[in-house]
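Using the hints, put the two standalone chains together into the complex.
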Amino acid sequence: QVQLVESGGGVVQPGGSLRLSCAASGFSFSSYGIHWVRQAPGKGLQWVAFIRYDGSNKNYADSVRGRFTISRDNPTNTVYLQLNSLTTEDTAVYYCAKDRLRSSIAAVGADYWGQGTLVTVSS
Amino acid sequence: DIQLTQSPSSLSASVGDRVTITCRARQGISDSLAWYQQKPGKAPNLLLYGAYRLESGVPSRFSGSGSGTEYTLTISSLQPVDSATYYCQQYYTPPLTFGGGTKVEIK
Chain H
13 QVQLVESGGG
23 VVQPGGSLRL
33 SCAASGFSFS
43 SYGIHWVRQA
53 PGKGLQWVAF
63 IRYDGSNKNY
73 ADSVRGRFTI
83 SRDNPTNTVY
93 LQLNSLTTED
103 TAVYYCAKDR
113 LRSSIAAVGA
123 DYWGQGTLVT
133 VSS
Chain X
137 DIQLTQSPSS
147 LSASVGDRVT
157 ITCRARQGIS
167 DSLAWYQQKP
177 GKAPNLLLYG
187 AYRLESGVPS
197 RFSGSGSGTE
207 YTLTISSLQP
217 VDSATYYCQQ
227 YYTPPLTFGG
237 GTKVEIK
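Chains H and X, in that order, are what the protein sequence lines are.
For this note's numbering, count along the first sequence from 1 and bump the result up by 12.
For this note's numbering, count along the second sequence from 1 and bump the result up by 136.
Chain X with its partners taken away, still in its complex shape (with noise of 0.2 angstroms):
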């Protein structure tokens, strides 16, 4: 299986911060890394795809790169309604897996 390490496991920033989360694989996993973001409650919702594709919808505040074995998830100007848990996933190769996950708090 190819694990996931996810890192801050959380992390406070203000509104209009920059935010890093960086998601490193075991293994090279070729830019098949999606990031979804989580609400409490809530089901998960499709951010990017494909290391850096964004998903129709989804603010341009949110950006990906990476390549290899270490991704990042970027969010430009942090908003109040960015508050939730941030988890990447590779599909490179099954059994899929997830991040431990990002948790994001607004100061």
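Same shape as in the complex, but just chain H (with noise of 0.2 angstroms):
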């Protein structure tokens, strides 16, 4: 079955940095884009980056484009998300979601979603 499982979430320091895993099972992992989106406390959904399966083209959030890296490597199934001058705004739940559609040029919503990791950014 489809399973993802982000990690490396916690606490840091404004203007710290972070880097977010997303390791996935269950699928073509290098036939489907990968998203990442994140929930504030309380809040509604975000969401922050996508990368295609071939990792040729990827796609930010204005809020986070500058600051936030995603990458992925297909031999290992895995997803990354770096962070880097975080602010209290980006202190959030942070979901990887798989894309709906194998080998999309674009994304096109996700289908299957991690259980996500907190990122709390505090001084």
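Some clues are possibly wrong.
To be verified - Within a straight-line C-alpha distance of at most 20 angstroms, the following computed SDA-like cross-link-like pairs (lysine to any residue) qualify:
| no. | chain 1 | residue 1 | chain 2 | residue 2 |
| --- | --- | --- | --- | --- |
| 1 | X | K239 | X | S148 |
| 2 | X | K239 | X | T210 |
| 3 | H | K55 | X | S145 |
| 4 | X | K178 | H | D123 |
| 5 | X | K175 | X | G236 |
| 6 | X | K239 | H | A52 |
| 7 | X | K175 | X | S203 |
| 8 | X | K178 | H | Q127 |
| 9 | H | K70 | H | P53 |
| 10 | H | K55 | X | L147 |
| 11 | X | K178 | H | Q15 |
| 12 | X | K239 | X | G177 |
| 13 | X | K178 | H | Q51 |
Claimed, not checked - Estimated spans, in silico, between C-beta atoms of each pair:
| no. | chain 1 | residue 1 | chain 2 | residue 2 | range |
| --- | --- | --- | --- | --- | --- |
| 14 | H | T99 | X | S150 | 42 to 52 angstroms |
| 15 | H | G56 | X | T205 | 13 to 23 angstroms |
| 16 | H | G56 | X | V194 | 30 to 40 angstroms |
Said to hold, decoys possible - Interface residues of chain H toward chain X, partial, derived using beta-carbon atoms under 8 angstroms:
| no. | residue |
| --- | --- |
| 17 | W59 |
| 18 | A119 |
| 19 | A122 |
| 20 | W125 |
| 21 | Q127 |
Read the hints as simulated data drawn from the structure, not as lab findings.
Values in this document were obtained by computation on a predicted structure and should not be read as measured data.
No residue lacks a Cβ here, since even glycine has one placed at the ideal position from N, Cα and C.
Structure (structure tokens):
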């Protein structure tokens, strides 16, 4: 069965960095794009980033572009999200999610999600 | 960015009621719309994509409609397990965006 497991969350000071990982299993990982979506405490969902199945295309939300970097390692079925220059506004649960369509050149929504990892930015 | 506005932000309805949630986009999105259900402390669950296509395993009481800039999610007969927050998401063009959410409560 499809499984996505996030890790790497924790408490970090403003201005700090963190790297999140998303370990995937149960599907042909190298054929699907992966999303990162976050949710601040008590707030709605915010899409953060997407990486195409082959890593050739990446998209970011305006609020994180230039600070966050998404990457993937297909041999190890892992997607990463590097978070730099963190602010308190980045405090959230971060979910990784599998894109719905195989070998899609663009994101088309997410059909499987991990359980999330909490990032807290606080001094 | 394409802003999505959901309405209402919350609603309370009885079991068996027909419930409708609206999602309006600032520009046309050519049916590139997904609907998700999220329960407290859980990850979102995909309900529909392509505006009206039901994801596998989702009960048929959920349906979607609309076109252009206005879309709706309908629950034909509300069940206790449907108590959750519902979000629309456009994938017409990056950056992808979500609506603000609609919290559905059971009376």
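**OP:** Find the hints from earlier in the document that the structure breaks and name them by number, from lowest to highest.
**Re:** 7, 9 and 16
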